Amino acid sequence: MTALLFYVQASVAAAIIGLITSWYDRKLTARIQWRVGPPFLQPFFDFLKLLGKETIVPAAASRTTFIFAPLFGLASVGVVAAILMKQAFYPGTSFVGDLIVVIYFLAMPPAATIIGGFASGNPLASTGASREMKLILAYELPFILAIITAIIKTGTIEIGQIVSFQAANGSLALSLSGALALAVGFICMQAKLGFVPFDMAEAETEIMAGTFIEYSGPLLAALKLTKFMMFTVMPCFLITLFMGGFSSGIIPGLLKYIVLVTLVVLVKNTNPRLRIDQAVRFFWGPVTGIAIAAIVLAFCGY
Amino acid sequence: MTKIIPVGPYHPLQEEPEFFQLHVDGENVTDIDITIGYNHRGIEKLSEARTFDQSAFLVERVCGICSTSHPFAFVQAVEDIGKIEVPERALYIRSIVGELERIHSHLLWLGLAGHFLGYNTIWMWAWKCRETVIDILELISGNRQNYAMFKVGGVRRDIDDNDIPHYLKLLDEVVPALNLFRGAVTDDPVIRARLVGVGVLSREEAVSYAAVGPTARASGIAIDVRKDEPYAAYDRIEWEIIVTENGDVYDKVILRVLEMLESVKIARQCLENLPGGEIDANVKEIPPGEGIGRHEAPRGEVLHYVLSDGSNMPVRHKIRAPSFQNVPTNKVAAVGETISDAAIVLAAVDPCYCCTERIAVIDTGGDRRAACGDELIRLSQEKTRRIARRMGREIK
Chain A
222 MTALLFYVQA SVAAAIIGLI TSWYDRKLTA RIQWRVGPPF LQPFFDFLKL
272 LGKETIVPAA ASRTTFIFAP LFGLASVGVV AAILMKQAFY PGTSFVGDLI
322 VVIYFLAMPP AATIIGGFAS GNPLASTGAS REMKLILAYE LPFILAIITA
372 IIKTGTIEIG QIVSFQAANG SLALSLSGAL ALAVGFICMQ AKLGFVPFDM
422 AEAETEIMAG TFIEYSGPLL AALKLTKFMM FTVMPCFLIT LFMGGFSSGI
472 IPGLLKYIVL VTLVVLVKNT NPRLRIDQAV RFFWGPVTGI AIAAIVLAFC
522 GY
Chain B
184 MTKIIPVGPY HPLQEEPEFF QLHVDGENVT DIDITIGYNH RGIEKLSEAR
234 TFDQSAFLVE RVCGICSTSH PFAFVQAVED IGKIEVPERA LYIRSIVGEL
284 ERIHSHLLWL GLAGHFLGYN TIWMWAWKCR ETVIDILELI SGNRQNYAMF
334 KVGGVRRDID DNDIPHYLKL LDEVVPALNL FRGAVTDDPV IRARLVGVGV
384 LSREEAVSYA AVGPTARASG IAIDVRKDEP YAAYDRIEWE IIVTENGDVY
434 DKVILRVLEM LESVKIARQC LENLPGGEID ANVKEIPPGE GIGRHEAPRG
484 EVLHYVLSDG SNMPVRHKIR APSFQNVPTN KVAAVGETIS DAAIVLAAVD
534 PCYCCTERIA VIDTGGDRRA ACGDELIRLS QEKTRRIARR MGREIK
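Chains A and B, in that order, give the protein sequences. For the first sequence, my numbering gives the first residue as 222, with consecutive numbering after it. For the second sequence, my numbering gives the first residue as 184, with consecutive numbering after it.
Just so you know, the hints here were simulated from the structure itself, not pulled from any lab data. Be aware that a few hints might be false.
Claimed, not checked - Using 35 Å as the maximum straight-line C-alpha spacing, the simulated DSBU-like pairs for lysine-lysine come out as follows:
1) Lys311/B / Lys270/A
2) Lys186/B / Lys274/A
3) Lys355/A / Lys186/B
4) Lys248/A / Lys311/B
To be verified - These stretches of chain A come out as covered by chain B in the derived footprint (C-beta under 8 Å, 3 or more residues):
5) 249-263
6) 337-349
7) 412-423
8) 491-504
Computed from a prediction, not measured in an experiment: that's the story for all the values here. No residue lacks a Cβ here, since even glycine has one placed at the ideal position from N, Cα and C.
Work the whole structure out from these sequences, hints included.
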């Protein structure tokens, strides 16, 4: 029961931080583009407005799958948030193999959008879903290789011990292999979040929001909220794994988070969208190469 | 399996109603159907019921972006009928307005191209820079768009000589921004990866499709009405036709950026060398005859044909806008590309559909008939009843 309660608390917290992060993203983007940007509460208003709108299920859609896919993604990202937050607030409560669980659950939200996209029966959505699928195949390999680097460096698959290892020996990002792995993880995060240059799954001007095209009302709100929560959870995950976690206090933790989010927004605003084949080539080529180099360096002790 | 990806009639890629059907196999475009005719307004017919002065006002509304191109060509067509001598100062002012418009139109396109690539920063920056150009136009003409500067025999508003230094200063502000865009496009490896070699229109294809303007010049054809058949002040100043060779989208972007810099040069020289004198030839009558006016609009050559019977209205007025020739080149440029590339290729010709609209006749095979107003109303009422019956309601 307490576990369930904590799960709900963590999800709500991640949702609120995610909405604030999305405001920061929109505001910073606007400032980069010589615009003013939205007021602080705008993401909350947008979310509430969507909740009040009608949900339309297309006649050609597979109804159950179409409705449950976004909820499935939302629930998954909540689990990751719960695991990471429990670790951050109550150190020492992690369990063996929770890193593996987190990796699995982080793959769920993109999978949910794929399922939802295909279920909607729209040709644009299925194009978007097939792009998302190729993208997952592209970035999961270097992403897991980057995590393996952290496992090799710390010798454990338990998030709590990775953090305590870093507390004792300094952040992984300060070592050469850790820095490379963090860079790889950062690029993969950009793709996992579906931001430019890897937003081809929902490319507005090509396939009109792709996988999201048929969603409306609360279901769209769930999809958006999943994205915002991912925007919170992914940087936190990288911080936990490579940058010493949140054990050093609120202010340094917050600074790390803001730095990562700012970098994501800057990359997003200084690049055009890649083509899907270019993205796959990019991830399987240079990014995987760097990730393998990081693993080799980690084995050699750098 | 081939499926159809619709781009239009309403689509975020294009600001205007038009319909591209991309036949795709996976991500590859295998064929493309282009349908226009959603926005036909019958401007040519309207023009036949208006005086020559009113028509200049009317054709300004053909297009919102290159709003001065059509009056430019139209007044030249009418002056061609009467062999009217336009005062020197008016010619220079015409060139200034034409070139400023080219800069703002190309900047608008550059911003949209960035947006279509998902590069929204370029979009906002280009449109911010465009504001400066529009400010100059507003100072000169009083309007940000639809400047109403042109009339048969001259221009409507003079440029105050005391204001010229200020205009030159504003123009100078545009140049660093344009150089910034040039750098942003040439130096960015991701932009190059997306644009180089994409949507290639070879020189031969450009010729056979009779492409004009930047679309043709990017394929290595040095075609430009301003040089080929000089009008206004274009033969009195120093400038060059910009030509690039490869015909891909990247070359079209670079070409437009360079062309903007060239336009700044032209506008600058015109402002500096603005001669004194009248701005209007005070035309009283247009004799019978026919005339042709051509102008190099931002998108290419725009051609107006006017037939006069000596009255104060054109008997026939024919408009041919550049997009009419440029849009069909998508058939060779976009086919064989992926959906992602097709999006930017379709936008790369800088299509303007309101200029190029024609009545679309759809050949259904046998039954050819025209539906007039009453019949359309009857058909729509029948359809509403049919839908209502399906939903279980009754309409009286």
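Checked hints:
1. Lys311/B / Lys270/A: holds, 31 Å
2. Lys186/B / Lys274/A: holds, 31 Å
3. Lys355/A / Lys186/B: Holds: Lys355/A and Lys186/B sit about 19 Å apart, inside 35 Å.
4. Lys248/A / Lys311/B: holds, 18 Å
5. 249-263: Answer holds; 5 residues pass the 8 Å Cβ test.
6. 337-349: holds (count 3)
7. 412-423: holds (count 4)
8. 491-504: Coverage by chain B holds here, the residue count being 9 at a Cβ distance below 8 Å.
In summary, this structure violates none of the numbered hints.
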